[in-house]
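**Q** Whole structure, please, built from the sequences with the hints as guidance.
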Amino acid sequence: MKFAIALFSAAHAPSSRRALLFAQAALAGGHEIVRLFFYQDGVHNASDAVVTPQDELDLPKQWRNFITEQNLDGVVCIAAALRRGVLNTEEAGRYQRDAVAVSAPWELSGLGQLHDAVQDADRLICFGGA
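Sequential numbering from 1 applies to the sequence shown in our numbering.
I should point out that these hints are in silico values taken from the structure, not numbers from a laboratory.
Where a beta carbon is used, it is the ideal one built from N, C-alpha and C, also for glycine.
Derived CB-CB ranges, DEER-like:
(1) ASP58 with ALA99: 16 to 24 Å
(2) LEU27 with GLN96: 38 to 46 Å
(3) CYS126 with GLY85: 21 to 29 Å
(4) GLY29 with ARG97: 35 to 43 Å
**A** See the structure below:
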């Protein structure tokens with residue numbers, strides 16, 4: 001089965017951990033992940049600027065490692081990211097900001113990427129959000 005996964009919650013939320021565990025289990029079960037799409041507060045999972053306390057799981061780091069190791073498509077909604085100050089080098093330059101919080105393997109892109117993933121997948125699985 002082919003899954004598209006959308007994550008709407010911040011890195012400290014339990015649903016972010018559940019999303020990662022689901023994605024890992026899906027691949028371990030022989031399924032395919034078409035795309036991981038990070039939207040709303042979920043964009044913080046892609047931020048290099050998140051500092052996790054030593055006694056907590058570093059979910060942004062775990063997501064980054066998982067996406068890199070599995071060669072997955074990790075897309076961050078550009079509008080949600082800009083609104084939250086989660087910028088890559090290109091957007092930081094465009095808006096004349098010094099802080100860059102998003103680097104590879106993440107890609108900033110629009111909601112069209114989620115739509116395309118849904119069209120390619122058998123199921124869209126969403127985690128978090130209100």
